[in-house]
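Colleague: In our numbering, the protein residues as written are 70 to 292.
It should be emphasised that the hints constitute simulated quantities derived from the structure, not laboratory data. Heads up, the beta-carbon is just placed ideally off N, CA and C, and yes, glycines get one too. Heads up, some of the hints might be wrong.
Pair by pair, the computed Cβ-Cβ distance ranges are [stated by the list, open to error]:
id, residue 1, residue 2, range
1, R244, D203, 26 to 34 Å
2, T180, A205, 32 to 40 Å
3, K136, K259, 18 to 26 Å
4, H263, L238, 29 to 37 Å
Here are the simulated SDA-like cross-link-like pairs (lysine to any residue), alpha carbons at most 20 Å apart as the crow flies [stated by the list, open to error]:
id, residue 1, residue 2
5, K135, K186
6, K158, F140
7, K136, T179
8, K186, K136
9, K232, K136
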Amino acid sequence: MTIISMQHLSTPLMLPIMISALLFSAPACSNQTAVNTHEDLTDYKEGQASASESLASTEKPAFITKKIATFDEPWAMTALPAVNNEPPKLLVTQKTGELFIVETATGAKTTISGIPKVAYGGQGGLGDIVLAPDFATANHVYMSYVEAGNDTDNNKFGAKVIKATLIGLDTAKPRLQDLTPIWEQIPKVKGQGHYSHRLLFSPDGKYLYISQASAKKKHQHRI
70 MTIISMQHLS TPLMLPIMIS ALLFSAPACS NQTAVNTHED LTDYKEGQAS
120 ASESLASTEK PAFITKKIAT FDEPWAMTAL PAVNNEPPKL LVTQKTGELF
170 IVETATGAKT TISGIPKVAY GGQGGLGDIV LAPDFATANH VYMSYVEAGN
220 DTDNNKFGAK VIKATLIGLD TAKPRLQDLT PIWEQIPKVK GQGHYSHRLL
270 FSPDGKYLYI SQASAKKKHQ HRI
């Protein structure tokens with residue numbers, strides 16, 4: 070619908086432009102003095118060569134590729150705040166339902182426990198993770214995942230977002246606790262297509278944005 074509408078709107082705007090082009094080009098064609106000279110062609114080629122040399126000489130940033138760790142169906146990644154200029158640590162979600170702390174210096178992966186049960190299958194599973202604006206003081210994180218329904222929603226699935234506290238960051242057994250649902254997809258749907266459920270905080274930290282894939286049936290959101 071949007072593409073069709075844009076095409077209809079552009080038709081009357083294009084017509085005067087096309088007519089103007091024809092009016093200006095007609096005298097040029099009839100004027101025998103309006104021809105390309107060798108001098109014009111030479112200037113054009115020199116300009117093109119100069120532009121190509123300028124583009125080729127543009128310095129590009131140097132990158133070094135280094136393998137840090139491997140995963141089975143990773144979905145999202147976010148960096149933990151740096152501490153005392155140490156190499157950064159990453160939080161990485163795995164679609165199958167695992168969350169890891171990854172040491173970028175060594176590649177070591179530590180599993181975080183306390184992850185809610187996810188409905189893994191198709192394009193569903195554990196999804197995004199972002200740090201809350203107050204992470205430095207409260208260790209709050211937000212996660213999205215797909216859960217299976219029950220009772221009347223049996224064999225149906227929907228996206229969900231929770232808030233949790235990440236504790237034990239510097240221990241061998243980090244975990245999530247105080248899991249609090251803040252958003253869920255209603256109604257749940259059959260099949261396990263793409264749910265989107267990407268998360269993003271506004272620059273001022275006052276709003277959490279949650280993306281959701283469109284569907285034929287209108288969804289409500291419980292917050």
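Colleague: Against this structure, judge whether each hint is valid.
Modeller: Here's how the hints hold up against the structure:
| no. | hint | in the structure |
| --- | --- | --- |
| 1 | R244 / D203: 26 to 34 Å | violated (19 Å) |
| 2 | T180 / A205: 32 to 40 Å | violated (23 Å) |
| 3 | K136 / K259: 18 to 26 Å | violated (40 Å) |
| 4 | H263 / L238: 29 to 37 Å | holds (32 Å) |
| 5 | K135 / K186 | violated (33 Å) |
| 6 | K158 / F140 | holds (16 Å) |
| 7 | K136 / T179 | holds (17 Å) |
| 8 | K186 / K136 | violated (30 Å) |
| 9 | K232 / K136 | violated (31 Å) |
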